[in-house]
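> Whole structure, please, built from the sequences with the hints as guidance.
First to last, the protein sequences are chains A and B. Our numbering puts the first residue of the first sequence at 27, with every later residue one more than the last. Our numbering puts the first residue of the second sequence at -14, with every later residue one more than the last.
One should not assume that every hint holds.
Computed from the model, here is a short list of chain A residues facing chain B with C-beta under 7 angstroms [to be verified]:
id: 1; residue: GLY79
id: 2; residue: ILE88
id: 3; residue: ASN93
id: 4; residue: LEU98
id: 5; residue: SER158
id: 6; residue: VAL160
id: 7; residue: VAL171
Ranges between beta-carbon positions, derived for each pair [what the hints assert, rightly or not]:
id: 8; chain 1: A; residue 1: THR70; chain 2: B; residue 2: ALA73; range: 49 to 55 angstroms
id: 9; chain 1: B; residue 1: GLN97; chain 2: A; residue 2: ILE94; range: 21 to 27 angstroms
id: 10; chain 1: A; residue 1: GLN37; chain 2: B; residue 2: ALA105; range: 53 to 59 angstroms
For the record, the hints were derived by calculation from the structure and aren't laboratory data. Just so you know, even glycine gets a beta-carbon here, dropped at the ideal spot from N, CA and C.
Residue strings, one per chain:
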Amino acid sequence: MRRILLKNVAQGPFTESSPGADDAALKELAGRVDQAARVRLGRTLSIREVDAGSCNGCELEIHALNNIVYDLERFGLRFVASPRHADVLLVTGPVTANMREALERTHEATPDPKWVVAVGDCARNGGVFAGSPVVAGGVSAVLPVDLHIPGCPPSPTALLRGLLALVETVK
Amino acid sequence: MTWNSTTVDAQAWIAAGERLRAGDAHLVSLWGEPGLAHMAVAESSELRLFHLPCTANRLPSIGRLHAPAIRLERAMRDLFGLDAHDAADRRPWLSHGGTYPFLPAEGESLHQIAVGPVHAGIIEPGHFRFTANGEAVVRLEQRLGYAHKGIDALMAGAGLDRAARLAGRVSGDSTVAYALAFSQAIEMASAVQVPPRAVWLRALFAELERLANHFGDIGAVCNDASFTIMHASFGFLREKVLRAAQACTGQRLMMDAVVPGGVRSDLPAEGIEGVRALIAMARSQFPRLVDVYENTASLKDRTVGTGILSESLARQFGAGGYVGRASGRSFDARRDPGYAPYDELDFQVPVVHAGDVNARVWIRIQEVEQSLSLVEQILRRLPPGATSTAVPNGSGEGSARVEAFRGDVFAWVRTGADGGVERAHLRDPSWFQWPLLEAAIEGNIVADFPLCNKSFNCSYSGHDL
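Structure representation (structure tokens):
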């Protein structure tokens, strides 16, 4: 193990430079964040992820945000274990009938000010599962959504650009 | 393996259940459609499909004889109204609503812990109800179905393209395996021969998917034991696999790369280069990380002897993948019955008997080595030629078993005259692994549950359909 640690110190970090904020996301977010919230939050946002019935593809790529290549926390963004600690709900999946109540209750448990980010094509409009009688067909059918990050699944870079737009707007 | 599809009466249905109970056969799946129940059984090197017409939507219970069928029967009632009328457990499973009666656990000083469906980490939704005596788990009962999207209903009547996209999204981590199982079933139903190059490319994608998931899982198990350097290192390896996959297919998880009739597109030159570079890097880094795993006492202390799954349960449930192979069950769909091109490739199926978290990690470590070798063999021998062929319209029936990273995915389809899907069923390996997690955690401490759960890594979405 000592050899691995020494080698890592010698060769420097694997972390890639910031991809920058997404323009489309900045546009969608304009006017969503008021001055009071900016003062309260500073530069950091705590994120609570909620899988509302995704195929788990989006979860894999959200996980990747925490790996050493994307290293989400350097941007002041971190995942937290409880909605009570969160500023942002990151929601995936078409919102199944069986997850609807849990999603609503998670949203209620999140203190204001809060934002909802819908991740993936299913979360936007149901994606391939649209039309099924047991899905709501997107997060906006259940909660007010502030930002959509499209993709099936969105790449970690796309996720990062969307979330950076959120941080930029809040900052 | 030969294939045998017959319509049976209730007596023959029960007789098949008796053979399952006796251990002469293992259950591959059990599913339904309005008025008709289906069961797939692997028996004396033959895959037998039984179709049972159900008068007044009633049928005799297999779960009464063979426990692995219980949840499948409960799901069948929820989805199609088919009622296994003499079943012991008649609670709903995938349909929620109303109060759910958990099984009772009574005794002095017992307390309950309810977890989920929204978990603390970035995980899929599911509910775990622990009954604990102090720190020790007396009973775990799972309640699943939160990710139920109605895939069976969406499949019925879907065109081939749409059905293949749906199949690839039953469980996103196994999208290649699902697309492959579905495509093989369609190709069997329409008697299509896939061009050799496509067959080999499919195997390449499947092995990349196995590598990505095994890297991710080994790191995540170590992370659940708070050993973060392994998590960081394996997360990096996983990222490299996904980038090679992107170079090969244009998509990191390789969604929709496998289609009925072949693969969507041929391998670009940078794809081959990407995979070669990946293999070289993994060959140099992986053994060092395995050394760290093997020689860190504080890590092994958490994984050795934790969450033991008995060999008899693994055998009874026909547990696939690393869950079965860590508990002495030597089964791998790539070998039993096997499918092309694995019959021409050289690989081992590792099996150990300890059945603990450490054993499930070790199976993954050995499978990583096998997959690295398989990828090298595939690159060396990749035949030239076309990468897809047209699938003709016509009605038929087909099935397939494909080895995903977590076990065997079973696919069954019946196509209509227009070439679309009349009915399809996709059975995730998790159906036979989730119940075993309930058994493996018994007597362990609550704090070891994340470790046990990650070592199983069952799919919620794949199970909930």
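> Each of the hints needs a verdict: does it hold here or not?
Here is what the structure says about each hint:
{"no.": "1", "hint": "GLY79", "verdict": "holds, 4 angstroms"}
{"no.": "2", "hint": "ILE88", "verdict": "holds, 5 angstroms"}
{"no.": "3", "hint": "ASN93", "verdict": "holds, 4 angstroms"}
{"no.": "4", "hint": "LEU98", "verdict": "violated, 11 angstroms"}
{"no.": "5", "hint": "SER158", "verdict": "holds, 4 angstroms"}
{"no.": "6", "hint": "VAL160", "verdict": "holds, 4 angstroms"}
{"no.": "7", "hint": "VAL171", "verdict": "violated, 18 angstroms"}
{"no.": "8", "hint": "THR70/A - ALA73/B: 49 to 55 angstroms", "verdict": "holds, 53 angstroms"}
{"no.": "9", "hint": "GLN97/B - ILE94/A: 21 to 27 angstroms", "verdict": "violated, 39 angstroms"}
{"no.": "10", "hint": "GLN37/A - ALA105/B: 53 to 59 angstroms", "verdict": "violated, 34 angstroms"}
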